[in-house]
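Participant: Please work from the sequences and hints to get the whole structure.
8 protein chains.
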Amino acid sequence: MSSDEKFLDLGFAKLDTDRKRRTGFAEVVFCQSKADDYLVEIYKRLYEKEGSVFGTRASEHQYELIKELFPEVIYDPVSKILVIEPKEKKERIGQIAVCTAGTADLFVAEEAAKTIEYFGGNALRVYDVGVSGIHRLLARMDEINKSNVIIAIAGMEGALASVIGGLADKPVIAVPTSVGYGANLGGVSALLTMINSCANGISVVNIDNGYGAAYMATQINRLAVFGGVRNE
Amino acid sequence: MSSDEKFLDLGFAKLDTDRKRRTGFAEVVFCQSKADDYLVEIYKRLYEKEGSVFGTRASEHQYELIKELFPEVIYDPVSKILVIEPKEKKERIGQIAVCTAGTADLFVAEEAAKTIEYFGGNALRVYDVGVSGIHRLLARMDEINKSNVIIAIAGMEGALASVIGGLADKPVIAVPTSVGYGANLGGVSALLTMINSCANGISVVNIDNGYGAAYMATQINRLAVFGGVRNE
Amino acid sequence: MSSDEKFLDLGFAKLDTDRKRRTGFAEVVFCQSKADDYLVEIYKRLYEKEGSVFGTRASEHQYELIKELFPEVIYDPVSKILVIEPKEKKERIGQIAVCTAGTADLFVAEEAAKTIEYFGGNALRVYDVGVSGIHRLLARMDEINKSNVIIAIAGMEGALASVIGGLADKPVIAVPTSVGYGANLGGVSALLTMINSCANGISVVNIDNGYGAAYMATQINRLAVFGGVRNE
Amino acid sequence: MSSDEKFLDLGFAKLDTDRKRRTGFAEVVFCQSKADDYLVEIYKRLYEKEGSVFGTRASEHQYELIKELFPEVIYDPVSKILVIEPKEKKERIGQIAVCTAGTADLFVAEEAAKTIEYFGGNALRVYDVGVSGIHRLLARMDEINKSNVIIAIAGMEGALASVIGGLADKPVIAVPTSVGYGANLGGVSALLTMINSCANGISVVNIDNGYGAAYMATQINRLAVFGGVRNE
Amino acid sequence: MSSDEKFLDLGFAKLDTDRKRRTGFAEVVFCQSKADDYLVEIYKRLYEKEGSVFGTRASEHQYELIKELFPEVIYDPVSKILVIEPKEKKERIGQIAVCTAGTADLFVAEEAAKTIEYFGGNALRVYDVGVSGIHRLLARMDEINKSNVIIAIAGMEGALASVIGGLADKPVIAVPTSVGYGANLGGVSALLTMINSCANGISVVNIDNGYGAAYMATQINRLAVFGGVRNE
Amino acid sequence: MSSDEKFLDLGFAKLDTDRKRRTGFAEVVFCQSKADDYLVEIYKRLYEKEGSVFGTRASEHQYELIKELFPEVIYDPVSKILVIEPKEKKERIGQIAVCTAGTADLFVAEEAAKTIEYFGGNALRVYDVGVSGIHRLLARMDEINKSNVIIAIAGMEGALASVIGGLADKPVIAVPTSVGYGANLGGVSALLTMINSCANGISVVNIDNGYGAAYMATQINRLAVFGGVRNE
Amino acid sequence: MSSDEKFLDLGFAKLDTDRKRRTGFAEVVFCQSKADDYLVEIYKRLYEKEGSVFGTRASEHQYELIKELFPEVIYDPVSKILVIEPKEKKERIGQIAVCTAGTADLFVAEEAAKTIEYFGGNALRVYDVGVSGIHRLLARMDEINKSNVIIAIAGMEGALASVIGGLADKPVIAVPTSVGYGANLGGVSALLTMINSCANGISVVNIDNGYGAAYMATQINRLAVFGGVRNE
Amino acid sequence: MSSDEKFLDLGFAKLDTDRKRRTGFAEVVFCQSKADDYLVEIYKRLYEKEGSVFGTRASEHQYELIKELFPEVIYDPVSKILVIEPKEKKERIGQIAVCTAGTADLFVAEEAAKTIEYFGGNALRVYDVGVSGIHRLLARMDEINKSNVIIAIAGMEGALASVIGGLADKPVIAVPTSVGYGANLGGVSALLTMINSCANGISVVNIDNGYGAAYMATQINRLAVFGGVRNE
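If you're matching them up, the sequences are chains A, C, D, G, H, V, X and Y in order.
The first sequence begins at 223 in this note's numbering and counts up by one.
The second sequence begins at 223 in this note's numbering and counts up by one.
The third sequence begins at 223 in this note's numbering and counts up by one.
The fourth sequence begins at 223 in this note's numbering and counts up by one.
The fifth sequence begins at 223 in this note's numbering and counts up by one.
The sixth sequence begins at 223 in this note's numbering and counts up by one.
The seventh sequence begins at 223 in this note's numbering and counts up by one.
The eighth sequence begins at 223 in this note's numbering and counts up by one.
You may find that some hints are simply not true.
Computed footprint of chain A on chain V, listed as stretches where at least three residues anywhere in the stretch have a Cβ under 8 Å from a Cβ of chain A [stated by the list, open to error]:
1. 237-249
2. 253-267
3. 308-317
4. 380-391
In the EDC-like style, the derived pairs of lysine to aspartate or glutamate whose C-alpha atoms are separated by at most 20 Å in a straight line are [to be verified]:
5. Y:LYS242 - X:ASP364
6. H:LYS242 - G:GLU313
7. Y:LYS242 - X:ASP391
Hints in this document: simulated from the structure, not taken from any laboratory.
Ideal Cβ placement from N, Cα and C applies to all residues, glycine included.
Facilitator: Structural data, given as structure tokens:
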């Protein structure tokens, strides 16, 4: 096992320890289908390096595994997030709205909301406001517009993103979900809906990718709070 | 050339002269890609039989062709409808709303509206009320709900159908259009959106098929006006 | 937990209690993949509000769950419908034909038929009349045509919808099913068949969506029985 | 340019002069997109070898080209067949039914019928008998069943093949066509319909491939007329 | 439960008892996903009517079920065929070659071969002769060509059908199989290969549809043995 | 022609004059396939209302048309943008990097860059830095990272977005382009690449949608310059 | 059971014993879904003939099966390779780099690496060097370029192949993997990325096909070590 | 316009002048859809740098354009290659077989063959040897096997690659072509065939990508002639 300053070489994996410096975010663990030994090793190494570890798509079994080593690890069965929180917590900044079309989209929404919070932002949860009863969304729209960025999560036909896009004055990150059946094609239909949106200010991430949406939303939220480049 | 009471055998075509008795609608001509000779023959025969002819997807060239024989034929370049109106007109009945998401969907909407009118119904045109500016739709919703059935026409992401479906108390026939670009896949994306709609009371016809939507809407409109079976 | 007159906010869900006023239909529960706690809460709340609850795609396990609270709940393992019937029953009106191509399509057909009956219509069941033995359909066609609207359910190649469309004088709602194998693509092939139908008066809902077809059919049936707008 | 007994090597092409011995059919020319020089050379060489040449998917321009060399060449603009007939004609044998759903499918049907006739069979043309008016097909079914094999040609939803399959006692070769629009996907929808047919005794060739269907139908027709292996 | 001469109405199913007269083949049972009660009823009724029953895609469990009633029933775990043979057997006629590319395609091949034999034909089994070692096919080609019709079964890239098509002088029915992985798309890749074949005399049935291929092959085999129409 | 404060009803179109108040952006004209009369009317009305008009996907012909009325209109044949600039220009703010993989992607990049500039932002153009010669990108990466947000434009395999995503500390909006051939599927391949990106902080807009990417990038750029919500 | 010199006919299989002479590689066993009896028979026969057997995609159960007969058989649960090594080992030649984008791709990489070693080559393992942290790849590039051929393995968006292709001076064989979720379409997205690569010197094998990549890489490695044709 | 040693920055393009050092191949121009000015500038700059320029997918018009500046430029209308040959020619080395299934695939084959020759290899042209007449291929197989690497080019069902793969002892690079119609899906069907090949030693490039196949074949040919790494 070799190592240098920019990554930690475990043979089966090369932990990107330069990531925080380069991108402002420490490496996150995609737990799904990782072998037991590898996962434990990765949690140990990252914890040593960063003082906290954040994993997505973890199973109940993986929770048991890590808990033996780190009894303080927390597992949320809805979002499948497996996290060792840092010792000291900072105050959360800004606001990101997390909206879903239905109750069945919650597993994606909670992955997004918990990621936002881990990365230090405030998450505004607005669930089950799909277009089949649009008054539920309209009743919350003012509140949503007080966020710096909006995450719109929907399965089936995915129309929520377009409707929010037409009503919002903030960027919208759309997340298609695999919720639905038949011609939903495992979420591809909702993905196509969102990519073809007639509304402006919408961009799209992978099906069920709550984490990815939260990551980009955090980048935008930070820019809005801390400011960015003002003039070239 | 043989013939019997139920169809007229022209060799290259068998005109379904039994259709009116069987379904309540005379045969309509799908003009697209019909050979010149065939088209003229079909218009002649149908006119003899029915006293009027209604053709869809006709070209400018086909208009010229039929005009030589029937100077009274009318051609609409937007909807591509080529019609010889019947001598005596009946009063129109009921009402069918024809809604579009954008201006670019008009060619489909006019095919639908003119078909409705030819078959004896009133068409309420509500154009360019897509979800990117939903207040335009909300402003017309009361009027729309006074129809017996609603046709929702949209390209790109096709979200209009779901939004109308959530607000209406009448059946909605959704027509995806080929309007858009890139991942619209020639209208397949809008079709998938509509088929997966989370709203109820929506069913879908083929891409750009304004005629088909109008046909079914007319059946429903007639049922609403003339009544149907009350008890088994 | 907040609430207002138009929806009931349970946090994880917003029950659309305005739906009956707006659309004429009370909210229905899509049981599939709902968490146990959520489902129980939703059945309780809806029952308080409406005096009856209708759920689709329920599992045996969900039946056990609800039965503890509502011993009168009824579960049908074929259609997967889980219903608490209202105290007083109204007489059923009109008629809707529910036709299937094969025996394997029954789970969709019964979802449709039971939905029709819950919403107060008469359902005419015509099963296993697919085009591989078309005399079986022809023998029932007169009876079918005495309905106000027809639901045509078929998997594999889905040709039934076109054949009925050519013989009927009533609107046809086509339901593709996932029945078949190989190139049936989980029902997408039958969906494409129905969307491309050469017959008129046909529109299509999602794969296996017996409920959706029944909902729209009920809207049409009511229009035919109670009448709609006569003149603009 | 080299040559041996089994193929004629023209460098850019290797004419399969062994085919007649091996398969019972001389090589046929697929004219589409062949360069002018190559086409002329191929017609010349095949004519020398076989005394007749049969080409499919030929353009008007290619007709002019070959006519300079072989004034007796015949071109049919519907089927796009470009043929130099053999000097002496044999009596035609057996019978193959060629059925189409619509008038727009004729270009495929005539490719099939003319191929059948070139290869020495009788073609029974039954055009425009699609399922939207099924009485037109039923009226001809007895006649169709007197053939040794049936070719069923249809675009749009392609249901004709299944219906014929259910009524016939002879093998059915189904040809999907590119006729239609929107979700017909250039003929792929009809292809899927036919491949998933619930009726038995149906197999499928490529979209618009009238020639391929006629070839296989001819093989079957010959077996029926001349007989094949009786016992192993 | 009603009944007439042409079908037997069991409510959940309408047994096509006219099929043998109309097509020359008695109805066959597609066992997959049939409810236990229905399957038993169907076997009973068909046995009463026909004196034998042939079922495809049966499970071990279904075998146990039917065996209680009919101890003489035979089940083959490879082909999944569940058959009650007729009391008296006729001599088999003609010959049909059943070829596979690999060993993994056997489950389809045996479904085909056993169907052929049940319908009274001789099946020539030629297994594991795929194009990765083409000498294995060439060594058997003479024998194959002594059949009246050839069934070519292949998964993965499905090239076997084209190669046999180029070497055979008999019609080839191609069966794509779901054998393979990755971009085989569950058999769709092999299906596309076969549909696009550059060889002539090939047509295609659904993925894994050994029964369908055998049915059509039997029709052709019977024509070759008993003869068909000779002149129009 | 009716009108109210929130939209201007032209019958064929409803100009969303409320958009600027609601979203911070005036309505933009999608010129493609708009009828001549409609386009002229829309430019006139929007100019009256807003004092400037910005149109995308305009043709040479449409430029001539508008130039007759507004001689000051400017047309860029690469980006197809047709703009009437406002009288007074504001200083541009912030910075958005616009990167392309190849030279052939310029038509999309210029649509994005010109949109950014019209909406008041600075665009940093970094063209032809695709991954086949990655040193070209690395040489510019510091400069790119000084932007508030990055637009990554690529056709063919679209790998540029992932590579930039791995190197950047700012949000990346990925634009797949239709550049390529064969299995690029008109840009769908690049779209899939970008949606599946293993790098974080990437979201995706429609194929060739430079305008959409620029719109969202402008929203983010404004947040970074003017600041957003700091604490909930 | 017959047999000749070029293949061994087991009825259910025809072992290609001519393969080594013809291609330089002995037949390899694709274990997946082979019946127990068949697998044992094949291992026995191949071992008699070749003195070693190499099987891919073997299950734990198949390992137990073969171990009874050949206690020396070795099974690797990551790569699923089940091998009976030859008695005498030769020195390994040349070098082939095996690179992966992530840790989850290891099961494919180890299938490739072990195949390379079985066929007598040296494998250089370079794992987890995906483009989200490209410095990890750049740090190893010199080493990689000292191979004769490179295998690039990646799931999700599959960008690794293009980046290596741009940096390498050796042929690259790209292997898409099924690793990922949502719009990865089971590996089809990565496959499309690699097929559309803007970099040169890249060709692609099937999803997860580590064996196939290793086979071709071995052919190239041998050519590089032993030399090939120098002049025509 | 800036510049450094590793690339030449033209603003609209960054010529990769480091490529020859890095990969052994100078930059090649993909002419298709390049603007006139850009193309001329690129040819000029590359000629200055390299003394020769090789362009693919050039149009007749682009030939005229470059000819004005470089009268010695050569254009081949079949392969669409536009080349300024270097002053001094080197002797060609090794051998690469270029095989096609049909005559229609020649445009791809000549792109490959001419690329091979430009890069200094010998090309063995073996055209029109598709599997519908496999004796044509068998007759040339010995000759083909005397090459260091084989390019197999085929449209339609693309079976040629598998058949050659089974007979060859050299690596095979397969090129699917867009030749065919209907379900060939513009070459995607042939691509799928080749990717799923049951034969070993085959990898695949993009549809119609003769250049890409030739590039990789040249890398392999050079390794075979000049040798590579012998031991790690």
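Participant: Take the hints in turn and mark each one as holding or not.
Facilitator: Evaluated hints:
1. 237-249: With 4 residues close enough to chain A, the hint holds.
2. 253-267: violated (count 0)
3. 308-317: With 5 residues in contact (Cβ-Cβ under 8 Å with chain A), the coverage given for the region 308-317 of chain V holds.
4. 380-391: holds (count 3)
5. Y:LYS242 - X:ASP364: 16 Å, holds
6. H:LYS242 - G:GLU313: Violated - the C-alpha atoms of GLU313 (chain G) and LYS242 (chain H) are around 34 Å apart, more than 20 Å.
7. Y:LYS242 - X:ASP391: This hinted pair holds, its Cα atoms lying about 9 Å apart.
This entry does not satisfy hints 2 and 6, going by the numbered hints stated previously.
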